[in-house]
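Number of protein chains: 2
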Amino acid sequence: MRILGIDPGLCITGFGVIDKSGGNLTYVSSGSVKTSGGELPFRLKLILDNLTEIITLYRPQHVSVEQVFVNINPKSTLLLGQARGAAICAAVMNNLIVAEYTALQIKQAVVGNGHAKKDQVQEMVVRLLNLNGSPGADAADALACAICHANGGLGLGRIATTGYRMKRGRLV
Amino acid sequence: MRILGIDPGLCITGFGVIDKSGGNLTYVSSGSVKTSGGELPFRLKLILDNLTEIITLYRPQHVSVEQVFVNINPKSTLLLGQARGAAICAAVMNNLIVAEYTALQIKQAVVGNGHAKKDQVQEMVVRLLNLNGSPGADAADALACAICHANGGLGLGRIATTGYRMKRGRLV
Numbered sequence: 000m001r002i003l004g005i006d007p008g009l010c011i012t013g014f015g016v017i018d019k020s021g022g023n024l025t026y027v028s029s030g031s032v033k034t035s036g037g038e039l040p041f042r043l044k045l046i047l048d049n050l051t052e053i054i055t056l057y058r059p060q061h062v063s064v065e066q067v068f069v070n071i072n073p074k075s076t077l078l079l080g081q082a083r084g085a086a087i088c089a090a091v092m093n094n095l096i097v098a099e100y101t102a103l104q105i106k107q108a109v110v111g112n113g114h115a116k117k118d119q120v121q122e123m124v125v126r127l128l129n130l131n132g133s134p135g136a137d138a139a140d141a142l143a144c145a146i147c148h149a150n151g152g153l154g155l156g157r158i159a160t161t162g163y164r165m166k167r168g169r170l171v
Numbered sequence: 000m001r002i003l004g005i006d007p008g009l010c011i012t013g014f015g016v017i018d019k020s021g022g023n024l025t026y027v028s029s030g031s032v033k034t035s036g037g038e039l040p041f042r043l044k045l046i047l048d049n050l051t052e053i054i055t056l057y058r059p060q061h062v063s064v065e066q067v068f069v070n071i072n073p074k075s076t077l078l079l080g081q082a083r084g085a086a087i088c089a090a091v092m093n094n095l096i097v098a099e100y101t102a103l104q105i106k107q108a109v110v111g112n113g114h115a116k117k118d119q120v121q122e123m124v125v126r127l128l129n130l131n132g133s134p135g136a137d138a139a140d141a142l143a144c145a146i147c148h149a150n151g152g153l154g155l156g157r158i159a160t161t162g163y164r165m166k167r168g169r170l171v
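Chains as they are written, first to last, in numbering that gives the first Met the number 0: chain A, 0 to 171; chain B, 0 to 171.
It should be emphasised that the hints constitute simulated quantities derived from the structure, not laboratory data.
Check each hint, because a few of them may be wrong.
Repeated chains share a single entry, so a pair holds when one copy, or any two copies, can fit it.
Taking lysine to any residue and the SDA-like style, the derived pairs with C-alpha atoms no more than 25 Å apart in a straight line are [unchecked claim]:
1. K74 x I11
2. K116 x G21
3. K74 x I96
4. K117 x L128
5. K33 x N93
6. K116 x N93
7. K74 x S20
8. K74 x N23
9. K19 x G113
10. K117 x C10
11. K74 x I54
12. K74 x G113
13. K116 x T51
14. K19 x N150
15. K74 x Q107
16. K74 x A115
17. K19 x A136
18. K117 x L56
19. K33 x L95
20. K74 x T55
Please model the entire structure based on the sequences and the hints provided.
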């Protein structure tokens, strides 16, 4: 089974592709889509087009998307939401199954501690996928999101969009 | 020139299609896409698929999207943002020019008063497009958004995504 993990953002959208075969996880690809500059519709198109290209190239069966940080500033939240909408559109356009995980769920699945720090997540991604080098922060987050889904998450195929809650302006 | 106006929302996305020929505006079609129930990715797909169908059917050259209400609740803002992202994706996927207008700009363009009430906007939409009956609230908002673009807005083809500001939790 091939999983595409996505860490959506308007400026940088991280992606990571892994294969799951039995209990083994294999790294396939990762990187980020950068959209700095330009007007919003243009930037959403960049996210949509680039993720579509990645989906066409790697043909994942499942897509695992991180629940984005809810910024205190409603303008930023709206912009993030739109970027996230574009990322999910790229997946559903291709009739892929979409699962959603909060940062807490991802950290729990990858590090075993929902409150792990960013570099701990990054280190565990490197270890779990036997990487030679460390992927960029956004790619690592996307890979962690894919690993969370591979390791069961809330049950494969189940779309978990509800039930999250807010704590100090973040989704948990 | 044919314009598709969109009033995006996660539950109800209003749409309205009008033709502009010289100074004349003609009503073509309007309605709403309802997505009540179901998980988020499914609902975003409904918005994307339905708007794509409308674009395929009516072949507009321009798309005019209302700047959505910024809810005080960040969860709702995030959901709205995602719905809006899906609506803009439907437009940019089809390589259409996207313009964005705030509610204030739309009311100014349609009623001549940025602080006009909803029923005043609806009444002016009926008058300006010589309609026999009153369209639904969301369809009327979408038609108003299309009229705003037809009447110049911020200049055809110009994408106005910046420069808005917040007032009591609303975009103005």
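Notebook entry, point to check: If you check each hint against the structure, which ones fail?
Noted result: Hints 2, 6, 7, 8, 11, 13, 18 and 20 not satisfied by this model.
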